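S.K.: Make a model of the complete structure from these sequences and hints.
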Amino acid sequence: MLDIAVLMAAVAAAIAAVEFKKLPHAILAFAVMSILVAAAFYVAGARLLAVFQLAIYAGAVSILMLAALHAGEERGE
Amino acid sequence: MGPQDVLALLFGSSLTIIVADRLGRRLGAARAAGYVTVAALTTALLMSSSLPSGRYRPFPATGIPVAELRVDEASRIFSLLFTSLGLLVAIYSLKYMEGEEGLGAYYLLLLLMVAGMVGVALSNDLFTLYCFWELMSVTAYALVAFRWWHWEPVEAGLKYLVMSTLGALVALYAISVIYGVAGTTNFDELRSIFATLGDEGVVRLLAGLLLFGFGVTAAIAPFHTWLPDAHPAAPSSISAMLSGVVIKAGVYAIARALLYILPPTSGIGYLLMYVGLLTCTVGNLAALRQLDVKRFLAYSSVANIGYIMVGMGAGYRAHLLGLTQFALAGVAGAMLHVINHALGKGLLFLCTGSAIHVIKSRAIPDLEGCGRSMRITGISSAIGLLNLAGIPPLAGFWSKLLIAYGLAGLLWDPLITMALIVFIANAVLAAGYYIYLLMRLFRRRATGAGEVSPLMWGPELALAAACLILTLLLSHVLVHVYTGASALMGVVG
Amino acid sequence: MSLLNAYSVAAAALIAVGAYCVASKRNLIKVVMGIEIMTTAVNLNFIAMGLRGGVLDPLASMYAAVSMAIGAAVAALALALIVQAYRHYGTLDSSKMSRLRW
Numbered sequence: 062m063l064d065i066a067v068l069m070a071a072v073a074a075a076i077a078a079v080e081f082k083k084l085p086h087a088i089l090a091f092a093v094m095s096i097l098v099a100a101a102f103y104v105a106g107a108r109l110l111a112v113f114q115l116a117i118y119a120g121a122v123s124i125l126m127l128a129a130l131h132a133g134e135e136r137g138e
Numbered sequence: 005m006g007p008q009d010v011l012a013l014l015f016g017s018s019l020t021i022i023v024a025d026r027l028g029r030r031l032g033a034a035r036a037a038g039y040v041t042v043a044a045l046t047t048a049l050l051m052s053s054s055l056p057s058g059r060y061r062p063f064p065a066t067g068i069p070v071a072e073l074r075v076d077e078a079s080r081i082f083s084l085l086f087t088s089l090g091l092l093v094a095i096y097s098l099k100y101m102e103g104e105e106g107l108g109a110y111y112l113l114l115l116l117m118v119a120g121m122v123g124v125a126l127s128n129d130l131f132t133l134y135c136f137w138e139l140m141s142v143t144a145y146a147l148v149a150f151r152w153w154h155w156e157p158v159e160a161g162l163k164y165l166v167m168s169t170l171g172a173l174v175a176l177y178a179i180s181v182i183y184g185v186a187g188t189t190n191f192d193e194l195r196s197i198f199a200t201l202g203d204e205g206v207v208r209l210l211a212g213l214l215l216f217g218f219g220v221t222a223a224i225a226p227f228h229t230w231l232p233d234a235h236p237a238a239p240s241s242i243s244a245m246l247s248g249v250v251i252k253a254g255v256y257a258i259a260r261a262l263l264y265i266l267p268p269t270s271g272i273g274y275l276l277m278y279v280g281l282l283t284c285t286v287g288n289l290a291a292l293r294q295l296d297v298k299r300f301l302a303y304s305s306v307a308n309i310g311y312i313m314v315g316m317g318a319g320y321r322a323h324l325l326g327l328t329q330f331a332l333a334g335v336a337g338a339m340l341h342v343i344n345h346a347l348g349k350g351l352l353f354l355c356t357g358s359a360i361h362v363i364k365s366r367a368i369p370d371l372e373g374c375g376r377s378m379r380i381t382g383i384s385s386a387i388g389l390l391n392l393a394g395i396p397p398l399a400g401f402w403s404k405l406l407i408a409y410g411l412a413g414l415l416w417d418p419l420i421t422m423a424l425i426v427f428i429a430n431a432v433l434a435a436g437y438y439i440y441l442l443m444r445l446f447r448r449r450a451t452g453a454g455e456v457s458p459l460m461w462g463p464e465l466a467l468a469a470a471c472l473i474l475t476l477l478l479s480h481v482l483v484h485v486y487t488g489a490s491a492l493m494g495v496v497g
Numbered sequence: 006m007s008l009l010n011a012y013s014v015a016a017a018a019l020i021a022v023g024a025y026c027v028a029s030k031r032n033l034i035k036v037v038m039g040i041e042i043m044t045t046a047v048n049l050n051f052i053a054m055g056l057r058g059g060v061l062d063p064l065a066s067m068y069a070a071v072s073m074a075i076g077a078a079v080a081a082l083a084l085a086l087i088v089q090a091y092r093h094y095g096t097l098d099s100s101k102m103s104r105l106r107w
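Protein chains in written order, with the numbering used here: chain A, 62 to 138; chain B, 5 to 497; chain C, 6 to 107.
Honestly, I wouldn't trust all of these hints.
[To be verified] Simulated coverage check for chain C against chain A, where a stretch passes if three residues somewhere in it have a Cβ under 8 Å from a Cβ of chain A:
(1) 35-44
(2) 87-93
[Claimed, not checked] Computed from the model, here is a short list of chain A residues facing chain C with C-beta under 8 Å:
(3) Pro-85
(4) Phe-91
(5) Ser-95
(6) Ala-100
(7) Tyr-103
(8) Gly-106
(9) Ala-107
(10) Leu-109
(11) Leu-110
(12) Phe-113
(13) Leu-115
(14) Ala-119
(15) Val-122
The hints are simulated quantities; they were obtained by calculation from the structure and are not laboratory data.
Note that the coordinates shown come from a computational prediction; the quantities given were computed from them, not determined experimentally.
Glycine included, C-beta positions come from ideal geometry on N, C-alpha and C.
M.R.: Printed below as a string of structure tokens:
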């Protein structure tokens, strides 16, 4: 049951990430989705993969997106 | 010596390139990184020409299950093609890219791209193939956007990245389903598992996903739209690599997945054939309207991919019906056309690169007459154009003839009769516009443009000579191509 | 075959969401986000396929780990290109930068 709940939450977070109009909110939702997928990996028994998912997606990729957004805004002002 | 040594050489020397670049700059040898690349690719070419056939496990002691490499005639032909064109492009770049910023990164990416392509050709495992595939693609995106201070390469690179990554993800999804069905991703194990699976629906679904996934990078219609933007936006040496061999790596992946791994299933042969016909019709019609010479060549690459797909489709259909002779003819014709087009289109992009280098314009009207004033470039490009046009004594004619022969074996089927008619019409149309371009390049007045440096015309002349040698040694080449085709399809013929 | 489990259904749903994002959104960062959602979905699908009778095949998590690293590399390159495109066009809207015919 736990896995189904986590997966449904992940899909909901993904839809939120796509549909949020403001980019910082969308990126935050993307990070939440990554964390939830990491939880799903953990529930499935892939412990190491969950750590990777947290580090790479919730960490690096989200931060990269925020940095790209920031670089854009800085030049735009 | 096995394929793992070739790959280790390419990866190892790519590590030294940055050091060579820094050191060379300090010592006043700006070309040091280029020389390292040329040396590495020469060695890789020599090594891959004598690889013994077989299966190889690179790390036998660690017991990593999926990293398995294979050498057979098909992968040998493809890896030879990749390394040799990479070598010629590296030599050409020594002069062509002289004085550009970030040369160390350029040679590093070029070498890694060749390593990725050779890895695609040599892997014996779908996931290994995907890893090398992404190595090749990511370096190709970066190389398209290499001149990032202009708008065109950045936008074209982004477009290429988005479309090609989506394709790779579709292919990876298919690979994950294959893993779920079979529990392995090894080619030979998959082939025997799928042969006894007996579920046509799953095989059809997987074949479609793999075809369109890898097909985006191979530029099959309707997913070809990135190609006419990305290939002209890249530096000409990179355009030669992309049009010459990167899209051929896509063809190889499609052929390996559909012809070797998955069992022949009805419907897929028609799909391949008609996608190929659509691709070559779209490419040829769009090429007619181009005034930019690099866009023209890019669209004609799309058209040539179409011919190759038609040949593969004919081979697939004939294989399904048990007509081994025609199946081999179709696939061998496709492989011969891969060789022809890689040499011919690489040659033409290098020649246009030289002409653009001198004339500083990409418009065809501005290039009129430069065939006369730039002697060696002009003659080489004439040979390349005639080869791709398929003028009878040259090898370009024989590959199209073999594909047509593969189709002709199934002529009782009205759908295939129609395909043959469309194919021949396309070949004639393509011959027409290649000859027209040739006439424009050699029209009347000689411009004041002089010949480029020997480092630039040398590779052009080598490729033109390769086209002629291919024609002269056609009987030997055909033996290899037929062996390659039977290795690709896993049939004895 | 037990290919259909909660994980593979969720992976298919995430792929649909990601593909919709890439196809319909004009903002380039959203496009990259869609690609990353799809990469995550494929990784999830590998896990789904590796679950055999409730036990995870270690091969599947290895596949997913490697593909994760590749996905991150693609994202980094894409975002670098996006920043560069922003410098040229002053916008992240892909419909406003189509000087090439998309």
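S.K.: Each hint needs a verdict: does it hold in this structure or not?
M.R.: Right, here's what the structure says about each hint:
1. As drawn, the stretch 35-44 of chain C meets chain A at 6 residues by the rule of a beta-carbon pair under 8 Å; at three or more, the given contact holds.
2. For the stretch 87-93 of chain C, the stated coverage by chain A holds: 4 residues have a C-beta nearer than 8 Å to a C-beta of that chain, and at least 3 were required.
3. This hint is violated: Pro-85 (chain A) has a C-beta 10 Å from the nearest C-beta of chain C, more than the 8 Å allowed.
4. A cut of 8 Å between beta carbons decides the hint on Phe-91 (chain A): the least distance to chain C is about 6 Å, and the hint holds.
5. The restraint placing Ser-95 (chain A) at the interface with chain C holds, with a minimum CB-CB distance near 7 Å, inside the 8 Å limit.
6. For Ala-100 (chain A), the interface hint is violated, the least distance from its beta-carbon to any beta-carbon of chain C being 12 Å, above 8 Å.
7. Because the smallest distance between the Cβ of Tyr-103 (chain A) and any Cβ of chain C comes to about 11 Å, over 8 Å, the interface hint for this residue is violated.
8. At its closest, the beta carbon of Gly-106 (chain A) sits 4 Å from a beta carbon of chain C; the interface hint therefore holds under the 8 Å criterion.
9. With 8 Å as the threshold, the beta carbon of Ala-107 (chain A) comes within range of chain C, its nearest partner Cβ sitting at about 4 Å, so the hint holds.
10. The beta carbon of Leu-109 (chain A) is positioned within 8 Å of a beta carbon in chain C (closest approach about 7 Å), and the interface hint is therefore held.
11. Interface restraint check: Leu-110 (chain A) against chain C, minimum CB-CB distance 5 Å, threshold 8 Å, status holds.
12. Hint on Phe-113 (chain A) holds. Least Cβ distance to chain C is approximately 5 Å, under the 8 Å limit.
13. Interface hint status for Leu-115 (chain A): violated, as the beta-carbon distance to the closest one in chain C is roughly 11 Å, over 8 Å.
14. For Ala-119 (chain A), the suggested interface contact is broken, since its CB lies about 10 Å from the closest CB of chain C, more than 8 Å.
15. This hint holds: Val-122 (chain A) has a C-beta 5 Å from the nearest C-beta of chain C, less than the 8 Å allowed.
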